[in-house]
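Asker: Top to bottom, those sequences are chains A, B and C. In this text, residue positions in the first sequence follow the working numbering: the first is 1, and each later residue adds one. In this text, residue positions in the second sequence follow the working numbering: the first is 1001, and each later residue adds one. In this text, residue positions in the third sequence follow the working numbering: the first is 2001, and each later residue adds one.
Check before you lean on any hint, since a few could be wrong.
[What the hints assert, rightly or not] Just some of the chain C residues that point at chain B, by a computed CB distance under 8 Å: (1) 2005; (2) 2012; (3) 2041; (4) 2047; (5) 2050; (6) 2080.
Note that these hints are calculated values from the structure, not bench results. For each residue, glycine too, the CB sits at the ideal point set by N, CA and C.
These are the residues of each chain, in order.
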Amino acid sequence: MTPVLFDAGLCVLILGVALASVIVREAFAAIAFFIVYGLLVAIAWTRLDAVDVALAEVAIGAGLTGALFVGAMSRIAQAAEAQAAPRRHPERLAVVGALLLCGGAGAALIFTVLQLPEVAVSLASLAEANLALTGVTNKVTAVLINFRGYDTLLESVVLLVALIGVWSATPDRFWGGPPGLQLAMTQDSVLGFFGAILPPVGFVVGAYLIWIGSSAPGGAFQGGTVWAAMLLLAVLAGLIDPPLVSKRSLRFGLVLGPALFLAIGIAGIFRGSFLGLDPPIAKTLTLAIEVGLAVSIAATLALLVIGKPRRAA
Amino acid sequence: MHDLLFGFAIAILASIAASLVRVFSGPTRSDRVMGAQLLGTGGVAILLLTAAAGGNWAILDVAVVLALLAAFASFALFVSVATPKNQSGDRDVAEGT
Amino acid sequence: MNALAIFTTVFLIAGLFFFIAGTIGLLRFPDLHSRLHALTKADNIGLGLVAVALMPQAPSIFLAVKLGLIWLFVLLASAAVSQLTARSALGHRAQLGSGETNDPGPV
Chain A
1 MTPVLFDAGL CVLILGVALA SVIVREAFAA IAFFIVYGLL VAIAWTRLDA VDVALAEVAI
61 GAGLTGALFV GAMSRIAQAA EAQAAPRRHP ERLAVVGALL LCGGAGAALI FTVLQLPEVA
121 VSLASLAEAN LALTGVTNKV TAVLINFRGY DTLLESVVLL VALIGVWSAT PDRFWGGPPG
181 LQLAMTQDSV LGFFGAILPP VGFVVGAYLI WIGSSAPGGA FQGGTVWAAM LLLAVLAGLI
241 DPPLVSKRSL RFGLVLGPAL FLAIGIAGIF RGSFLGLDPP IAKTLTLAIE VGLAVSIAAT
301 LALLVIGKPR RAA
Chain B
1001 MHDLLFGFAI AILASIAASL VRVFSGPTRS DRVMGAQLLG TGGVAILLLT AAAGGNWAIL
1061 DVAVVLALLA AFASFALFVS VATPKNQSGD RDVAEGT
Chain C
2001 MNALAIFTTV FLIAGLFFFI AGTIGLLRFP DLHSRLHALT KADNIGLGLV AVALMPQAPS
2061 IFLAVKLGLI WLFVLLASAA VSQLTARSAL GHRAQLGSGE TNDPGPV
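Just need the whole structure built from these sequences, with the hints factored in.
Answerer: Here's what the structure looks like:
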């Protein structure tokens, strides 16, 4: 009985926070609500027994997205100050039209979800039957890296493409310089202290998450995101400078994950199938792929939040 | 024990729901940051309780990551940024309403 | 109920008390610094008591230590955020009061 009550309360809170995030006036308040929303949804994931997703949600939603939005907000505020444009309120017709569209889409979604069959069509039993061949016991990792490795490979490339997209907005004169704005050496040694203590701890936690991903919830994405957050923290605290975008070692780190994954996949062709992992060495290969992916994810996500180069080298 | 732990989780959920009011109405950004901080800590407590209640101790790892990253947006907020054109100006992003 | 369950319940009640007290303080106190004071009570002691309460329930020593680690991380993070919040508010007040620059000063 009490778990049901808890879940109901959580649902109400999630909806309330989502609504608050949309209707509140000030930009930073909306961001704060959005971060809280991410946290609540992560708790919901744990209630649905999807702990891997909860890990990713917490790392990205509560951590990186918050920093990303805050940075975006301050840059928009600075640009608005420079332009001094007056705020325009949307027309009533536009608001009504948007409400109708959202309401209609929502109704269609609800209708579709209610039409879904009772027993979902899935390959879960097949995956579970062949779990021993993958060398890992965490079903999520087995599906991500082994059974559906193709999707994960493409996703890692998509992340890279997103970063290239962000970088392509750089003005020509700044290209080759360090990404992000110049952060003044912080006068606050609190941030400096924290930025010195936390990243090593976070590094260990991230490595731990990647390692246990083979038998318990965790994996490359979760560990890589924690690493990205630690890199970001060190940069925000002013302790390290982000490397120049033209630096070879940076670019090597960025492509390491997808390249390694692709290489192992191509090597698999000679053993039978593209991206096929040989059962005797499957666990080693999976771990290697995950470490490579985590390094690339960490670098890519950190650079995505830092942004494009804004000053010359 | 199972029901008891969930009962406590509901109580903490209600408590942090109340702190949403501070996020909503807090006049300064620091107020909102504090409200979000309390929500983060409450979330960690809830995760601990649900882990113990259901026996699914893998949820503790979610709590570890949350504990590490909870203060992130707050840090991003408090970083002073020196704009390229205005080297003498140190704009503290935290104080604005 | 056996001794462990009683231990857990007692500490959970204490932890819940601090959480509720902290939330009430955050909502009702008049200004930023007093709200911060209330917040840190919930953060540090409230979560600490909850973590201690659940330690006997953990099936292994490693998990009990993990509970303590979680509390430690939250302590670190909340300490840093509290300091930054208080200093930024202090600087803002100095700016409003005497027109000095927003400089919280070194540690």
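Asker: Work down the list of hints and note, for each, if the structure agrees.
Answerer: Hints, one by one, checked against the model:
For residue 2005(C), the shortest C-beta to C-beta distance to chain B is roughly 6 Å, which falls under 8 Å, so the interface hint holds. Among the interface hints, the one on residue 2012(C) holds; its C-beta lies about 5 Å from the nearest C-beta in chain B, closer than the 8 Å criterion. Given the 8 Å rule on beta carbons, the hint for residue 2041(C) is violated: about 10 Å separates it from the nearest Cβ of chain B. Satisfaction of the interface hint for residue 2047(C) is found here, the shortest Cβ-Cβ separation to chain B being roughly 6 Å, below the 8 Å cut-off.
Interface hint status for residue 2050(C): upheld, as the beta-carbon distance to the closest one in chain B is roughly 5 Å, under 8 Å. Annotation: interface hint on residue 2080(C) holds; nearest CB of chain B at approximately 6 Å, less than 8 Å.
In terms of the numbered hints stated before, the structure departs from hint 3 and from no other.
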